[in-house]
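Asks: As a plain string of letters, each chain reads:
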Amino acid sequence: MEELKKKLLAYFTDLTIQIHDDYRMCINTQKETVVSLLNYLKNMGYEHFALLSCIDWIDKGEFELIYILSAYMEVCDKYQEKEQGIIIIKARISRDDAKVISVINVFENAEPYERELHEMFGIKFEGHPRLTPLMLEREYEIPPFRKDFDTLKYVDNTFGKIPSIEERKANYERT
Amino acid sequence: MRELELFFGPQHLGMVGNFSITLKVEGDRILKADANPGFLHRGFEKLMENRTWMQNFPLVCRINVVEPDHMELIYSMAVEKLAGIEVPERGKFIRSIYCEMARVGSHLFGLWAYANMLGFDTVAHWAMYHRDLLLDLFEELTGARVYHIYLRPGGVRRDFPDGFTDRLVETLHKIGGKVPDYNATFFENSIFKKRAEGIGTVTREEAIRMGAVGHTIKATGMKYDIRKIEPYDAYDQVDFDIPVRTGGDAYSRLLTIRDDMIESVHMIFKLIDKMPKSGEVYTKTPNPFKWTIPEGEAYVRCESSRGELGLYIVSNGGEKPYRVHFNTPSYNHGLTVLEKALVGESVSDVGNIMISLYVVAPEIDR
Amino acid sequence: MKILSLFISPLLALIIGLLFLGISRKITAKIHWRCGPPVYQPLIDVIRSFSQKSISHGAFFDFGIILSLSSSVVLIYFLPVGDLYAMTSGGLIAFLYLMLLGPFGIALSSAASGNPNSSIGVSRKFLLALAYEVPLLLVLLTVMTHYNTISLVEIVNIQAGTGMAFSSWALVLPGIAYFLILPAVLGVRPFEIVSAPQEISSGPVAEFGGKHLAFYTLQHALQLFVGLALFVNIFLGGGTLFGLLNPIAGTVWATILGIIIFLVKMFIVLVIELFINAVYPRFRIEQAMRYLWKWPTLIAFVGLVIVAILN
Amino acid sequence: MDRNQISKWFKNPGKMANKYSFHVVYFCTGCGIIEIPPSITTRWDAERFGIIPVATPRQANLFLITGYVSTKTLKAIIRTYEQMPEPKYTVAFGSCPINGGMYYDSYNTITSLDKYIPVDGYIAGCMPRPEAIFIGVTHLWKLIDMDKADGYKRYRRDYKFYRANQEQLFKELGWPPLFKDASL
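Residue numbers (my numbering), protein chains in the order written: chain A, 22 to 196; chain B, 63 to 428; chain C, 44 to 354; chain D, 5 to 188.
Calculated from the structure, these hints are not laboratory results. There's no promise every hint is true.
Pairs of lysine-lysine, PhoX-like flavour, derived with a Cα cap of 20 Å [to be verified]:
#, chain 1, residue 1, chain 2, residue 2
1, A, K120, A, K81
2, D, K164, A, K190
3, B, K352, B, K143
4, B, K255, C, K337
5, A, K168, B, K143
Work out the full structure, taking the sequences as your base and the hints as a guide.
Replies: Next comes the structure, spelled out in structure tokens:
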């Protein structure tokens with residue numbers, strides 16, 4: 022892992038890298054670098070794109086994108102036994118203008134993850150062929166996974182406001 | 063021949079779970095498949111942000127209905143890692159035995175689903191009956207049939223009851239004694255071979271490209287198993303084999319499942335032999351209502367019966383998680399691999415391929 | 044006698060068909076290690092379907108299922124059940140044509156319903172019919188050549204002297220061929236392709252509900268009866284058992300006993316079919332066609348050649 | 005079958021047949037589905053009560069809703085319910101369809117099902133065990149005997165209110181009303 026760290030620092034300029042004791046490598050980077058960094062790591066044998074996630078740091082007004090990569094064991098034989106760690110790449114983007122370049126050209130299976138994040142956080146992925154809704158069918162004013170979306174209030178306002186059949190009937194007969 | 067649009071699911075007998083695929087077919091051939099999940103979306107990850115660390119357990123296990131135990135395991139592992147809790151030795155062994163039991167049960171459920179899909183009622187009924195025998199053991203151990211909530215951060219809820227391991231071994235022998243029958247009627251059945259061989263083939267390159275895990279990649283000959291790569295619990299103390307096949311088609315996947323199940327049973331026997339005879343089974347944790355966990359993040363993974371299961375969790379030092387994100391194996395399999403594997407196949411094989419990829423809908427939707 | 048049989052034979056076929064459906068569910072349940080429904084369960088299902096409101100999809104939808112049911116009833120008249128028969132003429136040729144009318148009616152209904160699953164099911168049904176008609180025709184041709192008649196009644200009568208068709212060794216090969224295609228004729232696994240519930244939501248009957256479903260169940264029961272009865276008539280000697288009934292021939296008792304023997308034979312064939320049904324999954328349609336055109340056709344053809352040479 | 009039952013059969017065969025031949029269409033809406041396979045297979049064998057699953061709603065008369073209902077599924081549930089021929093019965097399964105259960109604050113699952121379609125009975129529990137399912141079925145028999153399982157009649161009678169509720173949730177339903185006189 023130390024070796025990989027040196028290589029990465031030599032190749033990229035704007036990285037801060039920490040290595041944790043359980044073979045996790047944490048890379049903080051800018052959103053512009055992500056695609057080339059992923060490409061580089063993919064060529065280094067980290068071929069398994071495990072997760073694309075997002076954290077809403079509402080206090081700072083930022084979204085943090087998390088890309089997690091790991092290696093398929095047999096593919097990564099060129100590394101020593103202890104080198105099969107997990108790489109966590111973090112990039113922050115502004116919350117108001119949430120735009121980032123899609124990585125599906127590098128990792129094919131990022132496609133549903135990006136669709137989901139687009140739906141749940143309202144992040145726009147540039148270059149994604151189908152940013153159609155994946156899970157949800159209803160439209161929400163605020164994408165539901167953002168921190169300022171209050172689920173309980175939403176439930177009260179939508180499902181709670183619908184009267185039961187008896188109530189509706191009584192109302193109808195009254196008017 | 064004209065193109066037809068065919069909706070496979072959500073209400074469909076061949077569908078396991080509430081999932082829908084929109085197929086564009088020409089005659090019997092599939093031109094394009096569009097997975098359409100979300101029928102089971104509950105927004106778990108959002109709900110978990112509103113509940114305390116311990117309150118999340120009932121939610122977590124409902125993510126995968128077929129096999130809730132690995133979900134509990136991964137969440138416990140993540141909390142342990144964030145809070146820095148160690149599991150006692152006997153607790154580790156009990157956890158591993160429990161998870162392997164869950165794996166066998168889950169594979170039997172998968173067998174039911176596959177056999178049922180092909181109209182193989184007899185084998186389907188047998189598999190479900192055998193799974194029920196295991197559920198009885200789970201009930202004795204935890205008090206519930208399906209959602210056990212047996213694991214907790216720092217170990218397990220309670221020790222094995224007296225004579226539990228004997229009953230477990232007896233039940234497993236009973237199920238194992240039926241394996242020749244299963245082989246003769248199901249796995250070696252000539253018509254079944256014809257149905258499953260060469261269907262939904264995923265080559266190794268494709269599997270790697272699409273991020274496949276679990277037996278989808280094991281069926282292409284790669285020994286990719288988190289239990290070996292990153293051993294957790296007691297898995298580094300027993301030796302076991304990872305069954306692989308080289309075909310990459312539905313039949314190889316199914317044989318991998320069968321071998322994995324048999325391997326699990328053997329592993330349970332080994333674990334029982336090696337288990338410390340007495341000792342603590344859990345580490346004490348603070349009062350769950352006031353429990354705060356220090357700031358930090360963790361990515362943990364384990365091998366569920368469907369493949370690599372990951373959990374990314376972030377704590378901001380409060381009583382509740384700040385963000386959780388599950389990386390479930392069905393997500394890749396159901397949305398990326400399935401769409402590619404279906405193209406060019408026959409309509410009658412849709413369920414066949416889907417179940418051989420072991421897609422469980424609630425895992426996708428969460 | 045004939046006028047009586049005009050009423051009795053369809054009724055008998057219906058009752059026996061439903062009973063066989065019930066028995067097959069019970070036996071299947073026993074194979075699955077479970078208790079199973081009561082044997083009169085299909086009757087309850089039919090009553091329930093009749094009591095439900097049905098949703099029609101137009102005149103063709105109604106007409107198709109009626110056509111299918113009535114053609115099945117007419118089929119029964121051509122089929123001697125022991126001594127019970129309504130028609131002696133026409134025989135096998137008419138029988139073959141009528142056998143196609145049943146699926147045709149269902150197809151008509153399904154086309155009117157406009158469900159894509161139904162249309163797939165119908166196309167499968169005709170492909171499957173196309174596949175098993177070839178060996179079936181060969182087998183029937185062989186039988187007709189061997190006995191020098193096209194009348195089913197006469198075929199049965201000739202067999203009454205020798206006991207069974209299998210006693211004459213020339214008919215062994217056609218018999219085997221017919222037995223191989225019998226699951227396809229009856230529509231049980233491995234040939235349960237047409238109405239595969241897990242694949243195409245019961246296929247042609249996907250839109251059938253209420254009375255339409257009831258008619259379909261009745262038609263299905265009749266089809267089961269016809270499929271089994273044809274095999275018993277041609278190859279197992281119909282309602283005769285090695286000349287056992289010859290001493291009391293012509294009496295009412297002989298007729299009743301003949302019917303019972305006939306039903307027992309049908310039951311045995313049914314049970315064997317159920318065992319096959321229980322241990323095999325479904326074929327894909329092209330696999331089914333390949334299978335049906337290979338082995339049964341080959342065996343039937345060889346049988347035909349042997350019979351032709353002998354004659 | 006005792007003598008009492010035989011007289012019932014003669015009096016109203018349709019009702020009795022409906023009782024003893026439940027053709028179930030089940031929606032895999034959530035966790036409940038995991039207990040359906042055990043109850044229809046060897047161990048509990050629902051077929052001895054005449055309960056079998058069917059593939060299409062047209063052939064069914066019992067609708068099992070097995071667990072929480074997300075809004076996307078609710079649309080499909082309403083569609084399926086309207087496709088079933090009358091008489092039809094609905095049984096909801098688990099505590100989630102009653103009041104939302106543990107998903108009371110989820111933005112994507114509805115809280116009570118009987119605002120949108122009539123429900124004849126609930127089987128409580130999370131998950132209900134297979135035994136509970138059979139007890140639920142026997143209760144449904146009693147309700148049918150007493151003519152209290154009248155969900156489909158209520159749906160016909162109060163259709164405009166149900167339709168209004170459905171439209172309030174979905175804005176646009178996308179299919180024409182089942183019965184005439186659908187607007188308030």
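Asks: Hint by hint, work out which the structure violates, then give me just those numbers in ascending order.
Replies: Of the numbered hints, just 5 does not hold.
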